[in-house]
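Participant: Sequence:
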Amino acid sequence: MSDCEESYARTFSEKPQYLQLDLEQPSAQGHAQGPRLPASASEPYINATPTGEVQIRVKKAGEETDKVAFMAKNSVALQNLPSKSVVVFNTAITNLGNGYNSYTGIFTAPPNGIYVVSWTILGQQGKSFYTELTLNGNVVARNYVSAVNVQDHPSGSQNVVLKIKKDDKVLVRVQAGHEGQYMYANGWSSFSGYKLYNM
1 MSDCEESYAR TFSEKPQYLQ LDLEQPSAQG HAQGPRLPAS ASEPYINATP TGEVQIRVKK
61 AGEETDKVAF MAKNSVALQN LPSKSVVVFN TAITNLGNGY NSYTGIFTAP PNGIYVVSWT
121 ILGQQGKSFY TELTLNGNVV ARNYVSAVNV QDHPSGSQNV VLKIKKDDKV LVRVQAGHEG
181 QYMYANGWSS FSGYKLYNM
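So in full-length UniProt numbering, the last one in the sequence shown is 199, and the numbering has no gaps at all.
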């Protein structure tokens with residue numbers, strides 16, 4: 001076996017899972033520049049180093065690399081929302097995976113997974129704001145916020161763990177049979193979630 005054949009055999013036997021080639025940044029001599037680290041060690045890539053070493057990583061079948069997390073709040077107080085109205089948290093602070101729509105208030109799951117979803121409501125004294133979380137229209141959990149006949153600002157939070165499939169929809173809405181009388185803005189109320197692990 002020649003020195004060249006031995007070098008390539010050793011490279012592929014020692015590092016069989018890496019593949020990265022920088023085609024966008026050729027050197028002045030027209031050769032691929034390296035080493036260039038991948039954006040994530042879990043992404044498929046090719047790397048050709050100046051010494052001629054070639055590293056390969058191929059994405060395994062069924063491997064899921066998408067990261068999903070969102071957090072949103074409302075920029076203005078919400079008042080007198082009818083029964084079953086979607087509570088739109090219109091300011092997205094975090095939206096990894098772009099699953100949350102700040103115009104509709106709906107989170108659409110990018111990949112399958114087990115998700116943790118939470119929401120918090122701060123209401124006004126003397127008023128109520130009952131909400132519920134739905135998955136594809138089915139009620140999963142409710143949040144009781146009421147200060148009727150109480151001189152204080154009521155607050156309520158809920159946390160749920162859900163098995164969610166790609167394109168399933170999760171939202172917070174005013175509880176059926178109730179009116180959303182008043183919900184504070186400016187970070188006092190929020191809606192958030194993240195993918196805990198793949199499914």
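Hints are supplied without guarantee of correctness; some may be wrong.
Lysine-lysine pairs mimicking BS3-like chemistry, simulated, CA-CA at most 30 angstroms apart [to be verified]:
{"no.": "1", "residue 1": "K169", "residue 2": "K73"}
{"no.": "2", "residue 1": "K165", "residue 2": "K84"}
{"no.": "3", "residue 1": "K73", "residue 2": "K165"}
{"no.": "4", "residue 1": "K127", "residue 2": "K165"}
{"no.": "5", "residue 1": "K73", "residue 2": "K127"}
{"no.": "6", "residue 1": "K84", "residue 2": "K73"}
{"no.": "7", "residue 1": "K67", "residue 2": "K166"}
{"no.": "8", "residue 1": "K163", "residue 2": "K73"}
{"no.": "9", "residue 1": "K67", "residue 2": "K169"}
{"no.": "10", "residue 1": "K84", "residue 2": "K169"}
{"no.": "11", "residue 1": "K165", "residue 2": "K67"}
{"no.": "12", "residue 1": "K166", "residue 2": "K73"}
{"no.": "13", "residue 1": "K166", "residue 2": "K84"}
{"no.": "14", "residue 1": "K127", "residue 2": "K67"}
{"no.": "15", "residue 1": "K163", "residue 2": "K67"}
Hints in this document: simulated from the structure, not taken from any laboratory.
Participant: Now, for every hint given, state plainly whether the structure supports it.
Facilitator: Going down the list of hints, with the structure as the test:
{"no.": "1", "hint": "K169 with K73", "result": "18 angstroms, holds"}
{"no.": "2", "hint": "K165 with K84", "result": "23 angstroms, holds"}
{"no.": "3", "hint": "K73 with K165", "result": "25 angstroms, holds"}
{"no.": "4", "hint": "K127 with K165", "result": "36 angstroms, violated"}
{"no.": "5", "hint": "K73 with K127", "result": "20 angstroms, holds"}
{"no.": "6", "hint": "K84 with K73", "result": "19 angstroms, holds"}
{"no.": "7", "hint": "K67 with K166", "result": "13 angstroms, holds"}
{"no.": "8", "hint": "K163 with K73", "result": "24 angstroms, holds"}
{"no.": "9", "hint": "K67 with K169", "result": "17 angstroms, holds"}
{"no.": "10", "hint": "K84 with K169", "result": "15 angstroms, holds"}
{"no.": "11", "hint": "K165 with K67", "result": "14 angstroms, holds"}
{"no.": "12", "hint": "K166 with K73", "result": "24 angstroms, holds"}
{"no.": "13", "hint": "K166 with K84", "result": "24 angstroms, holds"}
{"no.": "14", "hint": "K127 with K67", "result": "38 angstroms, violated"}
{"no.": "15", "hint": "K163 with K67", "result": "16 angstroms, holds"}
Hints 4, 14, counting from the list given before, are not met by this structure.
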